[in-house]
Every structure is written in structure tokens, then in C-alpha cells.
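Engineer: The task is simple: from the sequences and hints, build the whole structure.
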Amino acid sequence: MEQLKTIGRELAMGSQGGFGQSKEFLDLVKSIGEARSKAEEDRIVLSEIEILKRRLLEPDIPKRKMKEYIIRLVYIEMLGHDASFGYIHAVKMTHDDNLLLKRTGYLAVTLFLNEDHDLIILIVNTIQKDLRSDNFLVVCAALNAICRLINEETIPAVLPQVVDLLNHQKEAVRKKAIMALHRFHRKSPSSVSHLISNFRKRLCDNDPGVMGATLCPLFDLISEDVTSYKDLVSSFVSILKQVTERRLPKSYDYHQMPAPFIQIKLLKIMALLGSGDKSASEIMYMVLGDLFRKCDSSTNIGNAILYECIRCISCILPSPKLLEAAAEAISKFLKSDSHNLKYMGIDGLGRLIKISPDIAEQHQLAVIDCLEDPDDTLKRKTFELLYKMTKSSNVEVIVDRMIDYMISINDNHYKTEIASRCVELAEQFAPSNQWFIQTMNKVFEHAGDLVNIKVAHNLMRLIAEGFGEDDDDADSKLRLSAVESYLKIISEPKLPSLFLQVISWVLGEYGTADGKYSASYISGKLCDVADAYSSDETVKGYAVSALMKIYAFEIASGRKVDVLPECQSLIEELLASHSTDLQQRAYELQALLALDARAVESIIPLDASCEDIEVDKDLSFLNGYIQQAIESGAQPYVSERERSGMFETTDYHSQDHHEVPSHALRFEAYELPKPSVPQQASTELVPVPEPSYYSESHQPIPTSLVSERDSSEIKLRLDGVKQKWGRPNYQPTASSSQNTPSITQQAPNGTATHSDGGVGSSSSKPRSSYESKKPEVDPEKQRLAASLFGGSSSSRSDRKSSSGGHKPAKGTSNKPATIPRENPTPVQPPPDLLDFGEPTATSVTTIDPFKELEGLLDSSSSQDGGSADVMGLYSDGAPVTTTTTSVDSLLSELSDSSKGNSRTYQSQTSKGPNSKEALEKDALVRQMGVNPTSQNPTLFKDLLG
Amino acid sequence: MIHFVLLVSRQGKVRLTKWYSPYTQKERSKVIRELSGVILNRGPKLCNFIEWRGYKVVYKRYASLYFCMCIDEADNELEVLEIIHHYVEILDRYFGSVCELDLIFNFHKAYYILDELLIAGELQESSKKTIARIISAQDQLVEAAKEEASSISNIIAQATK
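For the record, the sequence lines run as chains F and X.
Each residue of the first sequence is one higher than the last, beginning at 1 in the working numbering.
Each residue of the second sequence is one higher than the last, beginning at 1 in the working numbering.
Just so you know, these hints were derived from the structure itself, not from any lab.
In this text, a Cβ means the ideal position worked out from N, Cα and C, and glycines have one as well.
The reader is advised that the hints may include incorrect statements.
What the hints assert, rightly or not - Covered stretches of chain F, going by a simulated chain X footprint (3 or more residues, C-beta under 8 Å):
#1 22-34
#2 176-188
#3 210-216
#4 257-263
#5 505-513
#6 524-534
#7 597-603
Unchecked claim - Between beta-carbon pairs, the in silico distance windows are:
#8 X:139 to F:26: 17 to 23 Å
#9 X:139 to F:38: 31 to 37 Å
#10 X:136 to F:115: 48 to 54 Å
#11 X:26 to F:565: 50 to 56 Å
Structural biologist: Written out as C-alpha cells, the structure reads:
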């Protein structure tokens, strides 16, 4: 009996496959299924590759066979092996006239080739031909391939045809054409920018599938440019309204929800359109409220829509009523047993918290539960939420938690992220300098090699500049605590390189500043660092520079410097270093030691890392020398560009801009040659006023070119430009940068790597926002947090008293209070929105087709009633679960046969029906004419072991 | 946007892969190895989502098969979970109570169906009926050739009841 079943299964396989008559392929799949290890699988695949290589070389392969070979290639590639030797055959197969073969060919090439593959060019022609085919299936196959294979260069080759297909009579073709255009838009927005109106038109398509597909490109377009689609707001709202009122055909229902995927897409679009727009948001309130009422939170898809509603509400202008509904939905999510819903709840909370900060309070316990959860995903999401709700009152607890978690994980990607978040929070909300330094030390110690180098520079700058207040005392305290903590850490083994750089720099700048530590003590430590990390040149460089500073300060203050023997040997070693950078630093140090106090003080002034250096870029102090040289007969300097010839060097920038568009492949004939413009311009040395220049010299050029050149020229426009071409162009840029004095750190002080310009001011900004940010104190929450996090309450009260100045929060009730004030009467939208029979003026065009649609839908829904027996297959038992169970049924049978996996068995049997039911259903399916397949646990067991 | 679709068996064997964003063969193997390692080891009651290299991977287990989709951070996870389920329902309807074997031997059919459901990483059709219609239109071309064989298998299937 069992055997008979096996045969049946195999036969069914063979027949269904349409290609599978070959025993060889079945054997291949089977043997791979039976493979016990990856190595064995690889061996089988490799021998299969050899076979296929040989077979494909044979002459006159019958097409049927060829098709099978290609499917086998797909299989090999799917298993992660290289099947590139057969790509060309797949490409050839797309040329075939037989649709079956063509389809296989297209399937294979879409799986094999990336859009930049060389073979694509061979397919473009076939695609062009197929797009013109009478058979819509051929067109569909070609459109599928287009979506995967067409790149920026080949878009123009198929674009006109795809646009024509937007009006094809088959909805499947229209839909795919829309998606293809969407793809083009993603690849190269400029190529389809003139076709955007087509998307609007297709929004009114009679077929809901096409309409649904159109929402994808519209979403992208709207997210790029919201303002030009504001007129569609009421259309989207009315579409959503109609969808929720079940005006779409029944076939779009999914688990009793009307077209949920379309609803979600619409909600996403509405979120974009409504953000910061009062009138648009008000139009949406009504339908969003309805959705909250209607959504069935017992199904997954219902929750998906609810979640999307929450997102939408958090984006549009808030309405108190909707916020309430959203908060309610979130609390349902959080209370649910499902981890998925908890995750969504945490995410939703993170979104709403920006609008109404007090919403998190009531969910405090749930949030902390999630934080303690063993599920990593949930934990991370919760950290994200905590990150969003960090204030100066809770920063210590949150950052400590984050760091603990950071230490515990191995995932570098996430470690980097969480480290940078810790740094950001610490910079923004640090309650005390002490804490800040300690936190940064921890972050650097455990994730030092992962954090961005900017973070290190920021820290150095912060220590150097202090916290932006004019409190020198506090600053020096900060520095002292930094120095102390670094001296403690420095002897630990294996510190990250970046951290050592910070340590060395700080020790060099401030190690001896307040006289607590002697120069020899600090320099000894620095030598140890340089010795211990002798392979790291950057650290060594920092250490040497730090030494130099320490000695310089000593010399400048008139004390006698005795260089430690280990320092001496370090310097000597570095004098012969392979690294020129280290060598130079060592020589500089040596030279400095020999100078007198006055000279040293002007080379390295004390604590001057934040002073600006005036850089004389013109080197004007050399003018006298040059004058002298010229007088004594030297040749005046000729710049390199002049030397290599004026005429060749046209404006680099405009050339660049020029080449980009002409770089692409062209599918039309070349244009007639134009008079060469650069020549004309370069001889024309007379300054010409700009506007007239364009109109005059570019007259022979087609308008498109002019506008292009125009835009590129606008970027280059600099005040006082005299010449258009050649050398002088870079001079104004240099002088303009000179006008704004660039803020570079004292180069001799060792941190030449500091980024310049404006950053200094940015670091003081977070400080001030920290000041202005009003912390919120909720005693209940504090108690809760204190009891749950433990031990932090004492330090909390300490800190409260220390920074108590801004504690009594003016703004505690600020935010929630303003929201209702902003929208005093948002709940009542204009009545005409309700009336969909009479659309508003703006949406006339978009709504009309829907009225047509309604007619269609009515008739089709009655048809649905007639063909309900097909659906009846699924709506037999409990409405929602039947379809799932038919999948589950498989499981219960399978795990029956392989009881090894008892855990899943338990988890699923509660849901799944017994196998008898499954078999009955199977019979039913067979009667309905769906392809028959029989369950066969034994074969399955054979295959998978 | 969906960046790729991955079907992996409980033993870590790849059953189907579809890449909507460009990945080299090397990256693909790495992704599969990394993700199947993470997903197969997750407990049954945990979230169906994992955050992975700045993306999110939504997965769901059906019998011994894991269906995974990689999406952008801003996408709606629950929706993607339902897209997976939608796909499974369509497969189920097409194969008639689908099982892993159907996908092993007919992976190219699973590809065709996936192509009607997703295109360029976006959901293109949410109606099961429409997808079934276009797939059956394509299959009619094959129908004639296999009629004979399927009648035999029907007889055997009936006999084994």
C-alpha cells in the first residue's frame, strides 16, 4: 500500500512537472534530499554540474531536453553553486517561439542574471518583440523579465512599449506594466518623470488589482514630493472608505477583511500626505476612526491594519480622539500573549510617544517585561523605545541597561548601533560630568573598535571645550576626572585602539594640568601604551604627540625636564621607524626638547587645543622672498594647468556634468554635429554678464542641453567670477573658503585629524538642548523604575539635588496640553465627505470610475454567490482557520511519522485537525479539479531522513 | 520593499530563493547561511521577526518549511507575515494541500506563482482568484501533454484511499 502511494506520488510529480519525465532529475532532487551533510550535497551538485556541462555541449539537443537542463541549472544555482556556464542557453531559450519554453527561459534568466550582466543586451531585443505579442501571456512573461533585468541604460529601449501597454485590455498586463514603470522610476527617476500622470490615470482603473498595484509607485512618488499630490487626498480617503465598506469584489477579501493589502498601502500614503497638513489630516480622521471600530483584532491581518492606522495617526496632525483609539489598540497589543503583537505594540508606543509622552506611563510594566524577555528581537525593539523616551531623569538607568546589553551581544552590526545610541544619549542628557566620562569609557572599552571615529573626536572636543558653560572650574574638574579614570583604565590589557587614542590625547593635554600627577608619571604611562601596542601606529603617534605636549608644558613652566630612559629608548626607536609619520613626530619631539622655554611656549601653548589657527593660504609672508627671487632673475611661477595648455583644460566641472547623461547607451540615431562650444568660449576672454552669456553662446544647442548646462553652471556660480573656462574657476572657491575662517585644531598639539568648520559649535548645541529640555518627573514611574532596576534611587535623588535647578518642570504638562488646543474641533469633518455619491470637486475624475466599479462589483458579487462552492472549500468549517489547517494538516501527519520533533508537534496539534479530515479535504480538492497530490509520509521520510 | 524571499527546510536545506535586490552568488550563500542559522534556532513562541543588518526578516514556519522575507525597516511586519501566508494559501490551493515535496519537485511552479504575487519586491496582486486564473491560463498550455499521466495518478490515488 505504502509503495503504491509512493508510485502515485512520483507519477503525479512527473506529470505535474511537465518536464519531469526524466528520471535523472528526480534522482538528483532525491539524492540531494537524502544528503546527510552539506559536503555530500556539494559533491552531488558538483557532479551534476559536470554532467550538465557535458550535456550542454552536445549538438542538436531536443528542446524538451534543453528545458529540463535549464530547470536543473536553476536548481543548482538555487543551492548556491555557480551555473554561469549555462546562462547563455537560458538566454537562447527566451528567443524560442513556444511559449512554454520561452517562459522557462525568462524564468531562468530572471533568476540567473542581475541587471548589470553582460548578457542582458542579448535579451532586450527579444523583450521588445515579446511586448508586441498578441498573446497576453507572452507579454506578461516579458514584463516580468523587464522588472528584473532592465537597467538604466536599457530603459529607453522598452519604455515606449511599456507605456502603450498601460492601456492593454487585459488587466494582468496593465498591472505588470505599472509595476515595470515603477521599477524604472526606482532605477532612474528621470527616465519616467514625464509619465507620472499615467500613474494617476491608472488609479482610476476599473480593475481593483491594477488600482492596488498603482498605489506602489504612487507611494514612492508621494514620499519624494508630497505637495504635488495633495489634490489626491480626498480620492485616497474615498477609496479607503469604499474598500472598508466592502465595495470591492469578494475575491479581494482576505480572512474576512476587505482587500487588506490595499488598505495598508492607502494608509501608508495617507500618512505621507497628512503629515503636517491640517486640512488633509482632518479629511482622514473620519475614515481612520471607522477603521479602528471595524478592524477585527482577532486576526493577524486585522492587527496589521490597526498597526498601520497607528502609524498613520502618529504621522498626521494628531486628533485627541484618534490618539485615544490608537492608545487603546496599543495596549491591546501589549497585553496580548503573542510576541509579534507585543513587538508591534512597542513599536507603536515608540511612535506615539513623540506626540503624547504620557502614554508610556501606563504601559511601564509591559515595557519592562519586554525588556526582560528572552526574545532578542523584542528586546532590541524595546531598547529602541527606551532610546526614544530617554530624558535627563531616566538617562542613567536606560544607558546602563543599554551598555549591559551591548556587552552581552556578539552581533557587531547591532553593537555599533547601540553604542552610538549610548553615546548620543550620554552627550545629550548626561546628569554629571563624572557619569558622562564613565559611560563613555564603558562604551569605548567594550565597543571601541566599532564606534565611529567621530565619536572619539567629539569626546576629545567635549573634554577640551567643557560643557559649553563659562565655568572654568567645572571644566577643569571634568578634565581631572577624565584623567583620573583614564589612568585607572590604561593598564588594562587589550583596549581598543580608538579608546587609546582618546586616552593618549587627554593625558597629553591635561595629564599634568593641575599638578596632581607628575610629568614623569604620565609620560611613563604613555610609554607603556606605546610599547604595549607597538603594532598600532596610530596609537603610537598619539602617544608620542602626548609626550611632546607634556614635555613642552614642563619646559614652558620652567621646570627641568628629565626624560625617562624608556622614553628615550622609545624616541630612538621611532627615529628609525618605517612609518614616516612616527619618524617625524619623534624628530619633532627631539628638536623640541632642545629648545628654550619661550620658543616652546609659542610652539605648544598650554591648553590651546580649541584655539583657532589663522591659516595664510596665500602664503603672503613669502611675497618678499619671491620678489627678491624674481628681481635676481628667476622665472615667475607658471601654474601647472597653464603649463599643460589652456585649450585642453576646459572647465572640469561642466564636463563632468555633461558626460553623465551621454554616458548611457543610446537607442536612437546620433544628432547632427554642433559647433564646438568650449573652443568658442575659451577664446572669448572678455567678461560677459551671465544671463546674456547663456542666451548668446548656446543658441545652436537644443534646449534640453541648454537647460542641463544651465543647471551645472548654476552650481558653479561664484561671486566675482570673471572667466568661464579653465584655471580661474578654482580660485574663487579657495578665496571663499578663506573668507570663512576655517576652524582647525592646533596642528602641533597632535590632533591634526580634527574635522574643521562648524563642528565645534554643534557640540555645544546638545548641551544647550539638554538645558532647555524639561525633564518630567512622575513619582509613580520613578518608584516603579527604581524598584525594577534596583539601587538607582539613591543616585537618582543625589543627582536630583545636584542638578535640581531645572527640575521643577514647567513643561511637564506642556505637550499634552497643547495638542487639544491646536485642534479644538477636529472631530467633525465636513459632511460632504460622507457622501460618496456626490464627490467633491477636486476628486471628480478619480471617483467616477469607482462608481462604474460599483456597478461591476455588484454583478460580480452575485457571481461570487454562484461560484461560492469553490470558496466553500475554504469556508466550510471555522471561517478563518480552515485554510491554515489544510497546511497544518500536513504537519500533523508529517510529525506523526517523525516524532523526533515533538515540540512543534505539540504546538500545532491543538490547531490542526486530524488526518482523516485532511484526507477528506484532499478528496474534496481532487473533486474540485485542482491538481491531485496525495499525502505520503513515507516518501517524505525517505527523502528527508 | 521585499529584498528577497527564502524558503528553507528545518534541516537548513534551501527550497526556493528569489532575490529582488542585487546580491552576488557569494553574498547569497552568506545571507542564507547566516539567516538559516538564526531562524532555525529560534524558539517557537518568539517573534516572527528579526532585525538583521539594518533590515528586518519576517519568517513563518509551515510544517517543516520556513518562509522568510527580508524587508525594509519601515515596512509593516504583520503585513509581510500575511503576504507569506497569502502565498502559502495560493500554493495550497494550486497544489491541493501543499507539502514540502510539492515545492521540492515543482520549485519552478512555485516561482511562477511567486512571480504573479510579487514583482520587483512589491505585492502586485492581492486576489487569490486573479492569481489562480492567470496561473491556470498558463498551465492550460501544458495541460494537453500531461492529461494522460495525471489520469493514471488519479486512479492510483483513488486506489490508495
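Engineer: Each hint should be assessed against the structure and marked as holding or not.
Structural biologist: Evaluated hints:
With 4 residues carrying a beta carbon less than 8 Å from a beta carbon of chain X, the region 22-34 of chain F meets the three-residue requirement, and the given coverage holds. Here's how the region 176-188 of chain F fares: 6 of its residues keep a CB closer than 8 Å to some CB of chain X, so the rule of at least three is met and the hint holds. Counting residues of the region 210-216 of chain F whose CB lies closer than 8 Å to any CB of chain X gives 3, so the stated coverage by that chain holds, three being the minimum. Check result for the region 257-263 of chain F against chain X: holds, 4 residues qualifying (beta carbon to beta carbon below 8 Å, three or more required).
Only residues whose beta carbon comes within less than 8 Å of a beta carbon in chain X count, and the region 505-513 of chain F has 0; fewer than three means the coverage is violated. Requiring three or more residues with a Cβ within less than 8 Å of a Cβ of chain X, the coverage given for the region 524-534 of chain F is violated, as only 0 such residues are present. Remark: the region 597-603 of chain F is not confirmed as covered by chain X, as 0 of its residues place a Cβ nearer than 8 Å to a Cβ of that chain, below the required three. A beta carbon spacing of about 20 Å between residue 139 of chain X and residue 26 of chain F agrees with the range 17 to 23 Å that was offered as a hint.
Checked against the hint of 31 to 37 Å, the pair residue 139 of chain X and residue 38 of chain F passes, with Cβ atoms roughly 35 Å apart. One distance hint, 48 to 54 Å for the beta-carbon pair residue 136 of chain X and residue 115 of chain F, is violated here, with the actual separation near 31 Å. With their beta carbons about 53 Å apart, residue 26 of chain X and residue 565 of chain F fall inside the hinted range of 50 to 56 Å.
Checked against the numbered hints above, the structure violates hints 5, 6, 7 and 10; every other hint is satisfied.
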